[in-house]
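Please work from the sequences and hints to get the whole structure.
Residue 5 is where the sequence shown starts when you use this note's numbering, and the numbers rise one by one after that.
Any given hint might turn out to be false.
Below, a list of computed lysine to aspartate or glutamate pairs in the EDC-like style, where the Cα atoms sit at most 16 Å apart [unchecked claim]:
#1 Lys-114 to Asp-24
#2 Lys-147 to Glu-123
#3 Lys-113 to Asp-24
#4 Lys-214 to Asp-252
#5 Lys-114 to Asp-22
#6 Lys-147 to Glu-164
#7 Lys-35 to Glu-289
#8 Lys-114 to Glu-104
#9 Lys-119 to Asp-130
#10 Lys-113 to Asp-180
#11 Lys-214 to Glu-289
#12 Lys-35 to Glu-279
#13 Lys-44 to Asp-22
Ranges of calculated distance between the beta carbons of each label pair, as one might list FRET restraints [stated by the list, open to error]:
#14 Gln-266 to Leu-136: 36 to 42 Å
#15 Ile-60 to Pro-253: 37 to 43 Å
#16 Lys-119 to Ala-25: 20 to 26 Å
Since the hints were derived computationally from the structure, they do not count as laboratory data.
Yeah, the Cβ is synthetic: ideal placement off N, Cα and C, and Gly gets one too.
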Amino acid sequence: MFPPSGAQSGGAPIRATDNDAAVARLSAVQKHYLQDPYIKHLVPRAHLLPPHPPLINIGTYVRTAAIDSLVDQWLQLASNAGQKCQIAGSLEDNLQVYVEVDFPEITTKKAMAIKKHKELVSLLGDPSQVSLAQGGTALRSPKYYLIPTDIRRPPSEMLESFLYSSFDAEHPAILDPSIPTLLLFECVLAYMSPVDSSRLLDWFVKVQQKHNGVLGCIVYEMFGLNDSFGRVMVNNLKERGISLPGADPYPTVENLPNRFLQTGFSAAHGLTLKEIRRAYIEPSELERHGFPVETLSFLLTKGRTGSHTLNSWTK
5 MFPPSGAQSG GAPIRATDND AAVARLSAVQ KHYLQDPYIK HLVPRAHLLP PHPPLINIGT
65 YVRTAAIDSL VDQWLQLASN AGQKCQIAGS LEDNLQVYVE VDFPEITTKK AMAIKKHKEL
125 VSLLGDPSQV SLAQGGTALR SPKYYLIPTD IRRPPSEMLE SFLYSSFDAE HPAILDPSIP
185 TLLLFECVLA YMSPVDSSRL LDWFVKVQQK HNGVLGCIVY EMFGLNDSFG RVMVNNLKER
245 GISLPGADPY PTVENLPNRF LQTGFSAAHG LTLKEIRRAY IEPSELERHG FPVETLSFLL
305 TKGRTGSHTL NSWTK
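Laid out in structure tokens, this is it:
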């Protein structure tokens with residue numbers, strides 16, 4: 005049912021970046037930039053891994069704080085309208101369902117880690133209803149679904165049957181397109197070709213429009229990689245066999261929001277991590293981690309950190 009490993013080029017190197025992100029989050033937690041008592045269960049040999057430098061931890065903190073804030077605002081809007089919400093993001097009490105989609109190799113490890121730790125299983129509803137599926141590559145529960153697939157392939161083939169069709173009487177469709185749905189892409193679209201990512205976004209838009217549903221989207225990804233810092237980043241990724249075909253067509257902060265407007269969203273906004281840090285992160289929070297604001301400003305400007313990653317959100 006699923007494509008064999010390596011069926012589409014670039015899969016293995018891209019999958020390796022998932023562990024990079026998990027380790028970065030673990031480091032930020034270890035150094036008390038973030039609170040996440042569960043990440044240690046999802047990173048192999050977590051206790052043996054050294055922490056990242058402070059500047060990377062701060063970047064992880066700002067990224068996480070920005071996404072969490074946007075997710076919270078989305079949930080609040082849905083709550084004010086008296087509606088439940090579907091999301092690919094963060095588990096919250098007023099969610100109807102949270103769905104995570106990734107390569108089978110990634111979902112298998114995550115599903116096994118969840119089943120191994122009762123602390124994780126207890127988050128997902130009645131433990132008796134938390135079960136592995138699809139040969140251990142998928143996981144089902146009352147609140148959370150982990151789905152193995154390659155979203156670079158046509159969504160009508162790879163997603164529709166899993167998200168919007170009933171398996172049987174005991175397993176109804178996972179998503180209801182008439183309910184507000186939030187998409188969350190963290191370093192995803194930049195790794196996809198523009199054709200594949202546009203096809204994916206367009207498919208979700210059309211599904212929700214067909215049922216008069218509300219669709220939102222939060223994106224965190226790389227952009228503007230044509231300067232010296234960006235070229236270093238690109239070359240480092242190339243050495244690992246990774247390319248960023250989805251970043252080239254959208255080189256500016258304005259390009260990415262415009263893309264979503266052209267796809268059918270009614271509004272779109274974008275900010276760099278540097279802009280988010282300056283405008284939305286309390287100075288006291290940064291100083292709590294030992295970085296005076298003026299020092300951090302110098303580091304961000306001098307090193308260009310935060311100028312090549314963008315949070316954009318649409319509705």
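Verification of the hints:
The straight-line distance between the Cα atoms of Lys-114 and Asp-24 is roughly 15 Å, inside the 16 Å bound, and the hint therefore holds. Proximity of Lys-147 to Glu-123 is assessed by CA-CA distance (about 15 Å); at most 16 Å being required, the pair is judged to hold. Note on Lys-113 and Asp-24: the hinted pairing holds, with a Cα-Cα distance of about 15 Å set against a maximum of 16 Å. Straight-line distance between C-alpha atoms of Lys-214 and Asp-252 comes to about 32 Å, which puts the hinted pair past the 16 Å bound.
Only pairs whose Cα atoms come within 16 Å are accepted, and Lys-114 paired with Asp-22 is accepted, the gap being roughly 11 Å. Taken as a hint, the Lys-147 and Glu-164 pair is broken in the structure, with Cα atoms around 19 Å apart against an allowance of 16 Å. Of the pairs offered as hints, the one joining Lys-35 and Glu-289 holds, with about 14 Å between alpha carbons and a cut-off of 16 Å not exceeded. For the hint pairing Lys-114 with Glu-104, the CA-to-CA distance comes to about 11 Å; that is within 16 Å, so the pair holds.
A threshold of 16 Å between alpha carbons decides the hint, and for Lys-119 with Asp-130 the separation of about 13 Å falls inside it, so the pair holds. Annotation: proposed proximity of Lys-113 to Asp-180 is violated, straight-line Cα distance about 28 Å (limit 16 Å). Pair hint Lys-214 plus Glu-289 does not hold up; C-alpha atoms about 44 Å apart against a cutoff of 16 Å. Restraint check: the Cα-Cα separation between Lys-35 and Glu-279 comes to about 24 Å, which exceeds 16 Å; the hinted pair is violated.
With a C-alpha separation of about 15 Å, the suggested pairing of Lys-44 with Asp-22 holds against the 16 Å cut-off. A hinted range of 36 to 42 Å for the beta carbons of Gln-266 and Leu-136 is consistent with their spacing of about 40 Å. Between Ile-60 and Pro-253 the CB atoms are about 28 Å apart, so this pair departs from the stated range of 37 to 43 Å. At roughly 22 Å, the beta carbons of Lys-119 and Ala-25 sit within the given window of 20 to 26 Å.
The structure fails hints 4, 6, 10, 11, 12 and 15 (numbered hints given earlier, in ascending order).
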